[in-house]
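There are 2 protein chains.
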Amino acid sequence: MVNRKAWELGSSRSVIRELFAYGQQQRQALGDDAVCDFSLGNPATPPPKGVLEALTRLTQSEDPTALHGYTAAEGAAATREAVARSLNARFSAGVTRGDVFMTAGAAPALTAVFAALTVSPDTEFLALAPYFPEYAVFTGIKGARMRVVPSAADFSLDPAALDACLTPAVQAVILKSPNNPSGMVYTEENLRQVAEVLTRRSREWGHPIYIVCDEPYRELVYDGKAVPYVPGIYPNTVVCYSYSKCLSLPGDRIGYVLVPPTCEEHGDLLAAVAGAARAIGHVCAPATYQVLVRECADEAPDLAFYDENRRLLYGALSEMGYELVYLAGAFYLLCRAPEGDGDAFSARAREQNLLVVSGAGFGAPAYVRIAYCVSRETVLRSLPIFRRLMEEER
Amino acid sequence: MVNRKAWELGSSRSVIRELFAYGQQQRQALGDDAVCDFSLGNPATPPPKGVLEALTRLTQSEDPTALHGYTAAEGAAATREAVARSLNARFSAGVTRGDVFMTAGAAPALTAVFAALTVSPDTEFLALAPYFPEYAVFTGIKGARMRVVPSAADFSLDPAALDACLTPAVQAVILKSPNNPSGMVYTEENLRQVAEVLTRRSREWGHPIYIVCDEPYRELVYDGKAVPYVPGIYPNTVVCYSYSKCLSLPGDRIGYVLVPPTCEEHGDLLAAVAGAARAIGHVCAPATYQVLVRECADEAPDLAFYDENRRLLYGALSEMGYELVYLAGAFYLLCRAPEGDGDAFSARAREQNLLVVSGAGFGAPAYVRIAYCVSRETVLRSLPIFRRLMEEER
Numbered sequence: 002m003v004n005r006k007a008w009e010l011g012s013s014r015s016v017i018r019e020l021f022a023y024g025q026q027q028r029q030a031l032g033d034d035a036v037c038d039f040s041l042g043n044p045a046t047p048p049p050k051g052v053l054e055a056l057t058r059l060t061q062s063e064d065p066t067a068l069h070g071y072t073a074a075e076g077a078a079a080t081r082e083a084v085a086r087s088l089n090a091r092f093s094a095g096v097t098r099g100d101v102f103m104t105a106g107a108a109p110a111l112t113a114v115f116a117a118l119t120v121s122p123d124t125e126f127l128a129l130a131p132y133f134p135e136y137a138v139f140t141g142i143k144g145a146r147m148r149v150v151p152s153a154a155d156f157s158l159d160p161a162a163l164d165a166c167l168t169p170a171v172q173a174v175i176l177k178s179p180n181n182p183s184g185m186v187y188t189e190e191n192l193r194q195v196a197e198v199l200t201r202r203s204r205e206w207g208h209p210i211y212i213v214c215d216e217p218y219r220e221l222v223y224d225g226k227a228v229p230y231v232p233g234i235y236p237n238t239v240v241c242y243s244y245s246k247c248l249s250l251p252g253d254r255i256g257y258v259l260v261p262p263t264c265e266e267h268g269d270l271l272a273a274v275a276g277a278a279r280a281i282g283h284v285c286a287p288a289t290y291q292v293l294v295r296e297c298a299d300e301a302p303d304l305a306f307y308d309e310n311r312r313l314l315y316g317a318l319s320e321m322g323y324e325l326v327y328l329a330g331a332f333y334l335l336c337r338a339p340e341g342d343g344d345a346f347s348a349r350a351r352e353q354n355l356l357v358v359s360g361a362g363f364g365a366p367a368y369v370r371i372a373y374c375v376s377r378e379t380v381l382r383s384l385p386i387f388r389r390l391m392e393e394e395r
Numbered sequence: 002m003v004n005r006k007a008w009e010l011g012s013s014r015s016v017i018r019e020l021f022a023y024g025q026q027q028r029q030a031l032g033d034d035a036v037c038d039f040s041l042g043n044p045a046t047p048p049p050k051g052v053l054e055a056l057t058r059l060t061q062s063e064d065p066t067a068l069h070g071y072t073a074a075e076g077a078a079a080t081r082e083a084v085a086r087s088l089n090a091r092f093s094a095g096v097t098r099g100d101v102f103m104t105a106g107a108a109p110a111l112t113a114v115f116a117a118l119t120v121s122p123d124t125e126f127l128a129l130a131p132y133f134p135e136y137a138v139f140t141g142i143k144g145a146r147m148r149v150v151p152s153a154a155d156f157s158l159d160p161a162a163l164d165a166c167l168t169p170a171v172q173a174v175i176l177k178s179p180n181n182p183s184g185m186v187y188t189e190e191n192l193r194q195v196a197e198v199l200t201r202r203s204r205e206w207g208h209p210i211y212i213v214c215d216e217p218y219r220e221l222v223y224d225g226k227a228v229p230y231v232p233g234i235y236p237n238t239v240v241c242y243s244y245s246k247c248l249s250l251p252g253d254r255i256g257y258v259l260v261p262p263t264c265e266e267h268g269d270l271l272a273a274v275a276g277a278a279r280a281i282g283h284v285c286a287p288a289t290y291q292v293l294v295r296e297c298a299d300e301a302p303d304l305a306f307y308d309e310n311r312r313l314l315y316g317a318l319s320e321m322g323y324e325l326v327y328l329a330g331a332f333y334l335l336c337r338a339p340e341g342d343g344d345a346f347s348a349r350a351r352e353q354n355l356l357v358v359s360g361a362g363f364g365a366p367a368y369v370r371i372a373y374c375v376s377r378e379t380v381l382r383s384l385p386i387f388r389r390l391m392e393e394e395r
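Protein chains in written order, with the working numbering: chain A, 2 to 395; chain B, 2 to 395.
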């Protein structure tokens, strides 16, 4: 007598979490050096020095009842103010603290937004491929359906494919920028093409079709590129952000929902996000980390660390004959499986304790995803195994 | 085009949160000393010294990628081990770490359990009055209905009233022990009476009726009393625990679900809780605070601080003519409104910046709840106002 869907979701972990758990098991059994774990986006580089110093300072000198006490459900005013100020300085965003709702990372931000936008059993969300597999779980929170929009061959957004997938039941399109797992940083021009399609269809159907922009990788971009601020291109954009990746705090669960004032249903949408969060047991985002964000909203990640891993892997694997999607963002490389089957390659690699996630769950079944947010030593240790896996296939 | 129910939940805060927000506003406008805020269970006493020291030690010497990294969804093994060890030492609970699922406090623990136990649109949960008002929100996560079982006149559990409310659609009974808002610590005998009713009806209807025991106040008990361990009395008990109150860490969101091995559907229920948590965007409980629990699972709150407030308020208010429910647990006093109407008294008090929550939302409409987890100075400052409010009514 338990909920069947919940039981199924709990009995089968996400593919990524499954592989991560396997890696932890193997490490415990065989030692840390026996496993090359590229499964999870769990930064191997510590939080920036400024973040660690701020945390030490706060635990030593902030009034403990203030540091550890409840905040309002939407978050502490000073934290939301710091977030708004940072966005305004970087993107001329024109937002205020009233537009920011602090959450325990991006995952509950997304579920709250999907719940807020589910208006009937027919509601649909479109995920722009390749996409983060858990969207299929999060969008179903109130019984809505998720469908997948294929990308162009080069992993950019395909406006015509999007248009073909749109129906009046679509409430939002889910955009991951920079993309997980491709690393794609969508260009402003590509985003404008998508915005044009959504604007036209919103007008035709008489209701806004939102972009839900999932942005935990916004600060992780290389080659001197910049990530366009999506609400500046398409007004009906809701942003779900997390400090997990950029500040190397993935376990501490801190992020936000931004509903910019450009959203047509701004007030109603903010209220619905707050209500949806309340219904899933959100009381407030972790308080200590709210105070940390107040202090560290502009801290930047160690890009050089990731970029060196990226270059090293790309160079070495290309040289071995692998075909890689080498793009400028996040900390993932998509690698075409030599046998053309991500599931098969992931299984073969796992036998040698090299953990890479199949692209199948991301809508890229010919690929595996290599999360290069690992130690340099892991990268170096993996190379002979990658070579062996390529030779096996030949 | 936003979800109507979410919008409603977000547009009307909980009565407690509404009053708390009003208090913050008034404090900002008029100064801290202008407001006596007894609205929220937000401890005014800092975390125990051992907790603060552990936090400082961890931020300084624990490997930061381990301290801030993802854990498995169910929590870090060492943390769950520490929780199980503590329960076994105190209650001979006979649990293992496999029975413990770490959550971001009690609220998401409860929503995950209610979602896991909702099996059809007819599913019902019974709240034993007086009860925490947000249960009405949390139980509705998958569309189930909550009904209220009245208490006996002395606020103890009424087994006959419970029996009269039970139907085959009831999946669980929600028990808050010690009780919020009455402070009642249910006796073992009273709990056995309830267990007897539930055992009989479970057998009759061929499925377990669970007790969901919401226990954030378990360590807060005075007069040398002890809080019975409910799974030891009724095997089909699921515990939702939070460190918010006992360790004065309410904003940091750390707690757990315990599904003891005595539960009939132990494995299925654990899987369903994990799946329900996944569906609401739970990734892991805040990692730093998981490590803290590993270190501090046996730290105790400053009971003397609360007990002195309790005695002071009870003595002074009784002397003024107030009728109080003076019980041994939590940090709440129920006070009968002189006019017999909690809403009216709460409104009158609010005009004088004395914030006490009406009992109406708790199923105790003739009362107000006084959260005495405030500074001594606030208690002393409140006394002349309480006196004035009593005199006004005469």
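Heads up, a few of these hints could be off.
In the DSBU-like style, the derived pairs of lysine-lysine whose C-alpha atoms are separated by at most 35 Å in a straight line are [stated by the list, open to error]:
#1 B:K50 / A:K50
#2 A:K226 / A:K6
#3 A:K6 / B:K6
Non-contacting residues of chain A with respect to chain B, defined by C-beta distances greater than 12 Å in every case (computed) [what the hints assert, rightly or not]:
#4 F102
#5 A161
#6 C166
#7 A273
#8 E324
#9 P366
#10 I386
#11 M391
Don't read these hints as lab results, they were simulated from the structure. Where is the CB? At the ideal position from N, CA and C, for every residue including glycine.
*Of the hints stated earlier, which fail here?*
Numbers 2, 4 and 7, in rising order.
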